[in-house]
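*Asks:* Read off the chains here:
Protein chains: 2
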Amino acid sequence: MTIGIVGLGLIGGSMAIDLKRRGFAEQILGVEAEPLHASAALKIGLADEIVPLEECIDRSDIIVVSVPVGTAVRIVCQVLDRFQATEAKDKIVIDTCSTKEQITQSTFYHPCRQQFVSTHPMAGTEYSGPWAAMPNLFDGRACIFANSEESAPKALKIIEDMYDVLNMRPLFMSASQHDVHTAYVSHISHVTSFALALTVLDKEKDEKHIFDLASGGFSSTVRLAKSSADMWVPILTQNRDNVLHVMDTYIEKMQEFRRAIAEFDEEGIRGLIEDANRIKKIIR
Amino acid sequence: MTIGIVGLGLIGGSMAIDLKRRGFAEQILGVEAEPLHASAALKIGLADEIVPLEECIDRSDIIVVSVPVGTAVRIVCQVLDRFQATEAKDKIVIDTCSTKEQITQSTFYHPCRQQFVSTHPMAGTEYSGPWAAMPNLFDGRACIFANSEESAPKALKIIEDMYDVLNMRPLFMSASQHDVHTAYVSHISHVTSFALALTVLDKEKDEKHIFDLASGGFSSTVRLAKSSADMWVPILTQNRDNVLHVMDTYIEKMQEFRRAIAEFDEEGIRGLIEDANRIKKIIR
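Protein sequences, first through last, are from chains W and B.
If you're matching positions, the first sequence starts at 1 in this note's numbering and goes up one per residue.
If you're matching positions, the second sequence starts at 1 in this note's numbering and goes up one per residue.
One side of the interface only, derived from the structure: several residues of chain W facing chain B at Cβ under 7 Å:
| id | residue |
| --- | --- |
| 1 | Met-122 |
| 2 | Ala-197 |
| 3 | Ser-215 |
| 4 | Arg-278 |
It should be emphasised that the hints constitute simulated quantities derived from the structure, not laboratory data.
Heads up, the beta-carbon is just placed ideally off N, CA and C, and yes, glycines get one too.
Assemble the whole structure, with the sequences as input and the hints as a guide.
*Replies:* See below:
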């Protein structure tokens, strides 16, 4: 099978590595707008060739669109248009975006909608670009299929097989459920890390040695603040309503803590901490 | 040398392991109020004997007080009283607490103040109790000496040697500087993790499967929310003013983010994220 990958960054690049090495892909065709990324991807060996988008569509069996979510909506539509224009009825396009409502809405009425499978492999690191790609990134993680009933069963089956090669657990849900859930377990974590980094970096202006004291706890809490703006600006705006809702709950919890600490309310603080400790049962 | 350790939890227990195994301590005497912890500490081999506090003071050369900060203030004073009563001029007591202002203030006028060295080894995990103790916990981390000019140079030298055996980097600062810095690089991280856990656990009441989607990013941001109330209630109340100040800055940053997202202000969000990204230079 020939796999076309649009965007050879952390996700696209890591998929390229494992799909090739595990035998699912005979050939990987890459599409990469950024010349530096394109030459790095070739050097690292993420793709056999870098080609223009149209050529990639025409020569690939599956096209994986793995670019920031704003651009992805546009490119998935272009790919579907090309399927229609060339009567390529057996080709499949997938996206790997972190928000699902807009991309599934924008494609809903496309005559080739059935050839599109909307997925979100829940894996990653705080780094990006072809140099962030790595083998085994997806092993054991969850992959969400959003609105999978809108895809042709045959196309869906092929993409399920592909993610099976990547050792991912498939989960099926609606695009809107996906966007609510990821706001809670992914998007808010990024916002809280960004805010934490900003808070401490502000203080560092006066206190040069503040980071001498940073321990493992701080590093793990602030790690996601290294994540790229290119990826996160579109996620936060596309999932605006859900993200704002979670942020409001979160700010309320901070205010509850603030009140209890301000009033030296030891029982109140203890209650909040012990409630929070229930996360132990869930996260190892 | 005989080392007495009051509180054989994560910090006290881990010190016991490495001080014994690296030859600094010939004998470890433990003081442990909790019977379950006492028997576990003996079984694990953290201490050679569990003895009452007075016996521990009388038989030890160095007494390490490693209990939650509220109790530690009281015990350090008791130890100094006993030094005075028994004219034990060569013995040393240290604490390992996460807040320093109250403990240094409470001991300031004690006639044996010079025999007290106030330290904060900046190491730990989110777990507690004797079963959380581990070898090599302190290697390469910073150890803060607070108001070290209030200790006798000879006592200070011995404790510096002790932390050198634990492979820690010594940092010297005032108790008040310490409490400001730790509010920024440790205490706030815990509060943000607690609040994040509470936010998501609240949502879980309606959405049972929300944690199926939790990825590595979420786990690392929420990890500190497993930390114990026994340890954190006294830290947050003793360091109240600094913690509230940092929380206010943090809540402001969250509000800035909220505003930018609510207004679809892509440039604003990008600016905040790129500012936060500067943390890359500092935290690897």
